[in-house]
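Protein chains in written order, with the working numbering: chain L, 1 to 174; chain Y, 1001 to 1517; chain B, 2001 to 2101; chain H, 3001 to 3648; chain Z, 4001 to 4483.
Accuracy of the hints is not assured; some may be wrong.
Cut-off 20 Å, straight-line C-alpha distance, at most; resulting in silico cross-link-like pairs (SDA-like, lysine to any residue) [to be verified]:
(1) B:Lys2100 / L:Lys25
(2) Z:Lys4369 / Y:Ile1023
(3) Y:Lys1443 / H:Glu3170
(4) H:Lys3032 / H:Ser3176
(5) H:Lys3171 / Y:Gly1155
(6) L:Lys25 / L:Lys94
(7) L:Lys121 / Z:Lys4436
(8) H:Lys3598 / H:Tyr3576
(9) L:Lys140 / Z:Thr4004
(10) B:Lys2088 / B:Ile2098
(11) Y:Lys1052 / Y:Gly1041
(12) Z:Lys4369 / Y:Gly1363
(13) H:Lys3586 / Y:Glu1300
(14) H:Lys3564 / H:Ile3546
(15) Z:Lys4011 / L:Glu131
(16) Y:Lys1106 / Z:Asn4069
(17) B:Lys2100 / L:Ile147
(18) Z:Lys4011 / L:Ile147
(19) L:Lys25 / B:Asn2092
(20) Z:Lys4436 / Y:Gly1155
(21) H:Lys3381 / H:Leu3391
No lab work stands behind these hints: they were computed from the structure.
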Amino acid sequence: MLESLLFVVMGTIMIVCAGGVVFQKNPIYSAIFLIQTMVSLAVLYVLLHAQFIAVVQVMVYAGAVMVLFVFVIMLLNIDKIEEEMGKDRLVYQKVTAIFFGLLLFAVIGIVTLKSVLQGTKGEYTPEKISEIGNTQLVGKLLFTDYIFPFEIASILLFAATIGALILAKKGLKE
Amino acid sequence: MSFPILTVVTFLPIVGALWILFIDKRKEEKIKQIALITAIGSFVMSLPLFFKFNLATHEFQFREMVPWIKEFGISYHVGIDGISLFLFLLTSFLTCIAILASWTIKERVKEYMIAMLVLTTGMLGVFISLDLFLFYVFWELMLIPMYLIIGIWGGPRRIYATIKFFIYTMAGSVLMLLAILAIHTLYYRETGEHTFDLLTLYNLDIPMRTQFWLFLAFFFAFAIKVPMFPFHTWLPDAHVEAPTAGSVILAGVLLKMGTYGFVRFSLPFFPYASHQFVPIISWLAVIGIIYGALVAMVQEDLKKLIAYSSVSHLGFVMLGIFVFNIQGLEGSILQMVNHGLSTGGLFLLVGMIYERRHTRMIGDFGGLAKQIPVFTVFFMIVTFSSIGLPGLNGFVGEFLVLLGTFKTNVLYATLATTGVILSACYMLWMFQRVMFNKLSNKKNRDMADLNRREWAIILPIVMLIFFIGIYPKPIISRLDVSVNHLLSQVDAKYKKTVNRLKIAEEKLVLKGDPLWK
Amino acid sequence: MTIPLTWYLILSGSLFTIGAVGVLVRRNALVILMSIELMLNAVNLAFVTFSRQHESMDGQIFVFFIMTVAAAEAAVGLAIVVALFKNKSTINVDDINIMKW
Amino acid sequence: MPNVFGESFLDLIGFVLLLPLAGAVVNGLCGKRLNTSVVGYIGCATIGLAFLISVLVFIDLLRLSPEHRLFEKEFFTWIGSGTFTAIAGLQVDPLSTVMILVVTGVGFLIHVYSIGYMHGDEGYYRYFTYLNLFTFSMLLLVLANNFLLMFIGWEGVGLCSYLLIGYWFEKKSASSAGKKAFIVNRVGDFGFILAILLIFVTFNTVDFTEVFHSTPEHLTTGSVVATAITLLLFLGATGKSAQIPLYTWLPDAMEGPTPVSALIHAATMVTAGVYMVVRCNVLFVMSPFSLTVVAVIGGATALFAATIGLVQNDIKRVLAYSTVSQIGYMFLACGVGGFITAVFHLMTHAFFKALLFLGSGSVIHALGGEQDMRKMGGLRKKLPTTYKTFLIGTLAIAGIPPFAGFFSKDEILLEAYTKGNLIFWGLGAFAALLTAFYMFRLLFMTFHGKSRMDKDVEAHVHESPRNMLIPLIVLALLSAVGGFLGLPAASAINSFLAPVVGGGGHIGGVDGGQAHHVSQNLMFSMMGLSTGIAVVGIALAYLMYIKKPELPTQIAGMFKLIYKILLNKYYVDEIYDATIVNPTIKSSFFLWRWIDVKVIDGFVNGVARLVELNSEALRLFQTGFVRNYALSMLFGGIVIIICALFLL
Amino acid sequence: MEITIPPFDLKSIAPIILITIAGIVVLMTDVFFKKLPKETLGYLSFLAVLITGLITFSQTGSPVYSFSNTFVVDNFSIFFNYIFLMSTAIVILMSVNYLHQEGVNFGEYYTLILFATMGMMLMAGAADLITVFLGLEIMSISLYVLAGFKRDRLESNESALKYFLLGAFATCFLLYGMALLYGATGTTNIKEIATFITNNHAFSSPMIIMGASLLIIGFGFKMASVPFHKWVPDVYEGAPTSVTAFMSAGPKAAAFAVFLRVFLISLPGLEQKWSVILWVLAALTMTVGNVVAIAQTNIKRMLAYSSIAHAGYVLMAIVTASSLGTASILFYLLVYVFMNLGAFAVIIILGKRGEENLRIDDYNGLGYKHPIMAIVMSIFMFSLAGIPPFAGFMGKFYIFSAAIKSGYIILAIIGVINSVISVYYYLRVTVVMYMKQPTREFAPLSLSPYIILALVITIWGTIHLGIFPSSIIELAQKSVLLQ
């Protein structure tokens, strides 16, 4: 019951905040809303027995990544963008976008509702997970089955770092 | 294996082109000489084909076969029979002439000669290919140098003309490519063997509905090339803009590739469809004959006039091909050669006066006969050859075509024969306006008569014009067996299809696109 | 009473849609970036839900990687925005259309 | 059959052809560098030799029995394709022998004449080249043993005619006339080619002997095929022989040098059509309808041309129309079945018409190129030899006995009466009247009366040189006595030609009693009648041009319209221009400017333009706005999803 | 809980390791040996690519799955690795010139190129959706940065931003699709997805269908298929030319590789459905690409549209879903590397700092001034247009033959008509080079041994594969996915 309540509350907050991200004029507010969305999402992860992910969500996502966002917003000193106030040059963009958005949502909804979720049941029942511990399990998998992607991810981050540096660093001279 | 004469003849020009590539472009004289030597070498090498040709067999002769792309069953398979022999010889012959006629090219001689030689290889290859893929490669290969020749050394509207030429031709030939692939696929489904080999694929019996579509695809490719009415509009533009040698090659050889294609591919592969298409093609041919002649009559530009006359002449060729009898077909093939000589000759002659006067407008001339009598004589001979005067080459082919046509359809023959009147009209009218009357235009007064090089260009053509007109037997006798074989092959396959029609089995129809399902 | 997993999916779908619409309607490059983060989060939710459904950890592992990538993308994306801002002093995506047609 | 040289002269027949050709080649290639007299000698000598050989051939042929008078010599297969073969072979039989004799004989005389006539012309060698080439072609035409080879000659003479008419090509009228001649001839050739095709399809051969021998097997009398073949052949003949409706080129052809008119447009080439019809008489008799057509056309042309001839003032034009008219006679003869008569008239006509032309040439030569008879007159004294020979010619053509024309023309009228009907006879007789009239009108206007010449012209009038006069004299002789060949009593030509003319068509009643018999009475009364007609004509001419020179103007004034129509040749050229030539050219322009450039090419370019327009339009979708791109991605994605989920 | 770390099959990932190390080494060299001329970095990278190529060659054989079935080395991936390495090698050779010329000669460039290559190799060898995703992202992120590499140029910024935003947007769809696939099947392993679908006959499961459709969006974006192509012209135009060249060859091939693997292996039962969708996409892609290319005046933009069109041809081969079609794709992509990179190399040679001469009119009269460049460019243009005897023709021939053999005749007809349309704009380049008079002074060519080598390689490939394609075709046929 508590679970349901939590789902409903958090879900509502999440959707509202997501809407806030999109429809808030000020980017800094958008960022704040985004953080709130992510935090709510973390709660849902917990509800879904994915504690590790929930923690990472809060720490990395809502924390690190969003700090980066806010930092850039501050850096660029654009708390309010005038252009957003001005008239949209793409006249039908908004209407069409919302129409297609609804259509997309409808399709997703239909698919989700029509689908009978079957699929091969894995070995990791909630019981087993709680027995081992979610975090341990993730760690184990990352270092066994997913060791390769895991290592690759490091290169990805490396590449991103180099990229971000080269693009944003000041005064690069040949 | 004996001496690969066909390969040597075909690729000698490319070797010459490579040679020229490494020569300083300022040594124009040397470049021209090398090009000429290569072309003549190629022609001389091709002469044994004529003399050693075995008259008794319908098999392809001087065959060479080397696997090329094994994965698709593509091989370098070349050979000639009576049908291709003369087109091959004509090509190597006209190349020499064309190169000699290009002596007056002033700019970018090196590139020009390279293009010319590559073009030659492409054209020669088309006529000897016994592999559909190889054929297609040569067919397209020759587009590039021709495109450059028209586009770089051509007249004021050369870009328009050359792009039109290229794209129009290409549009037709890509459909042919698909049809070739379809034939390949059908054979593969039938036998499980990958091959593009012409002789093997001849055995294929294509279901009639498929024949229809495939024939249509080939038809577009060839009809555009020929060009048949109403696909002819690229021709006047290309001819007018092309330099002299370009026009000569274009009229002399390139157009023949279309008609040759009909003979070599459309007939034996799709006998049933060919028969079905006879009315359409014949009507188009007849319209072409008359229409081309009428439009030629009122042209003001000499080259355009000749271009439209080509439409008319090629109409005869097309008519002869689709009558399915020996006279028609032999006449057509002969007419291909004849047209190459006479129209080629006309373009050369027009080129000569163009070089002197830098105009091709009929109105700018008049009374030239007085000023340049030798030229006039040659011009007259070639003109009459084009008109089809008996005793000159044009008549033999034209008559055989008419004879063949008459045997199957009197109406077509009668209509086509009106071309005889019309050709005299436009040619003689042109001749009168250019050569006769008073020498009124002062600029024409200091025109020089033919020089030695021009003699060398035109004399061989005129000699051949007479030779074929008077003694065409060496040619016809070499055609005989091949043409007979082709016709019997077509006939047998046609009957087979007709018989099967009654049983109505269509096991080989191509699977449709999913959109159809 | 446990919540049917379908609800989570619907939630994920709506989040995804909101993100997608955000990308389409906003002109601020940063907000577009955030909308993309929204979409990624929606995907994450779906993965976790399915992971729960199938009682397998693969989904969660996937989410882990998505987060990694999201971080990397955010870094690069912000760097690009900064680089652009340096040159043009705007991050309005409608203003950056030198290249068109 | 061996002769004194150990073999038959018939084998030499090839040389008859080769000699003129050799002359043409030599003159053509080296004539420019040769002395003019050498050129002339080469030209004449080759023809002369050819004539000698022809005579020998003729003699050899005579020594054969009539049934065996057919000698064929085959050189090589010219065209052989499938069952079709055309052999380069010659055929010597009585008909061709008569023809080669006429061609080489008259040709030789005209060559000789030309030496004088063309003296000093800058294209001298060119002239002789053409003339020799013509002789070659004409000989080929008559000697060929099959239709196709004959067609070479047929076109060859057309070509030479074209070249010679346009000999003075700097004159626009000359070059146009040449072109017109060739093109009109081509219209006829259209029929000829089709006829050959039809013959091959019917008989499976184009060889004369084989065709004619197998005619009964392949054709039934009056069948459509027979009619078609013969009518098509006749179409060819009308072109070459200048009959209605294709006669218009011949008067124009007078632009050529006068000896050319004599040789080509009077004596030889224009009669090729007659020769061809006679050659194919076996076919023609299979189709009564065609014969009727031939006769009607022939008769109509004879009369029609004669009426035009009445009022023309150009001396050569009068002769030209008279030629058209006379050939009409020949066809009339053919049409009623008198093939031999036709040949007979052909031969006599060759003599006297060549004579007349050469005579007129002599006059023109003397007057420095003047051809208008209104500027002549009274030349009798100044050109005595010319006058005398001309008079003989005129008498011959008018049909005054015992000159050649009388016999042949009389035969024709007789045939027309006995085998045809009264209408044909009437046509012929009336035409004969007119002929006599206008020929004497010509004679009177030129040689009699007062001189109407310009002064300076008159001062230079002189009799022609000897090499021009000798041919005139020879021809005059022939015109005078040539007719006796056909004298019914000893009809040499009749019996000589009989084997060629298989079924019917013998002259008069002396054809071995096979054909219908014509009574002596009828014959002689006809002779008298035709002579009378001729005399009436002459008398009229005398009345109008000697006695009362003002009369013609008065009459012309009375019948203004008719006179005008006649003077303008019934406006036939104008009608042709308006109905055929101009519409063709106009429609050609239409085809080019509208159909070709606008419609067909417009379509081609339109496709290209369409693609370009699409390109310009489609690129606008590439707005440059990121959000827009994203939207189109979303749109595409949703469409794909919906299609995948619900539609497929 | 014990964690036993499974044995590492280093041999199978040796090329990836090598190229990663090379990337890092280049970066380090740049940092620690400032004195070294920058060409050395290019040289090093080129060497690394060569060695990687050799190692890749040694891997040929039967498929090896490693790392708990997340990665596979089979002939298919090896062939694609050749394509990537070839394109990378050529691009590196081109870049040495270009970077110097444009004044953005940073060592990071090579590192990113090498990393991107690594990402592509990962994609080609991915046996798990996670690997697919990671490979794609490594590649993409490197490319985003590379596109914006000329930081001070607005075009470059714009290009990077557009690429990035749209790329990330597409990635979201891709991920959502993967999520749905995972949701429907319970696994992210490509082979297991296939097994599941076959065993449960889940062909019409809406979730799978939608997942697959979303994957089409994601991959379609990378392949530049209509309607996900719109980034291509803008990004290609704005990105540094060498990067544009790089993007047009390798990443596209990688997208096709992964698309083929995912769709042919894991979703074969849905062939019916997605072949229709792809049919339409292929037709649209070809047509839009070719038609719009006609109106272009910027050569890079024109080549961008041309690359869209070429994606259409490849899609046509995908539609056939046959091994023949797959082989033809392999061959075609390799050919495309040669001819397209060759064209870009010429563009680079003809440019100079600040004046890249990208309008087609800038090539007016090139044939008079620099005949060899003009000939070379013409060869590439003819090859792209698919005219024999150049490799482009062979490639198209192969694809069309696959289409015909599978019975997609209408598609093939659309294809050939398109290739006729394409002739028009390819020819225009030769037209201006040869048939127009020069309208400007040509700067001296910026030639260096590196770029000459690049040209030689591309020319050789374009001609050799056109005339003697047999060995490569054989290789391609052997490299077709078998399971």
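Exercise for the section: Of all the hints given earlier, name the ones this structure violates by number, lowest first. Expected result: Hints 1, 4, 5, 7, 8, 12, 14, 15, 16 and 17 are the ones this structure does not satisfy, whereas the remaining hints hold.
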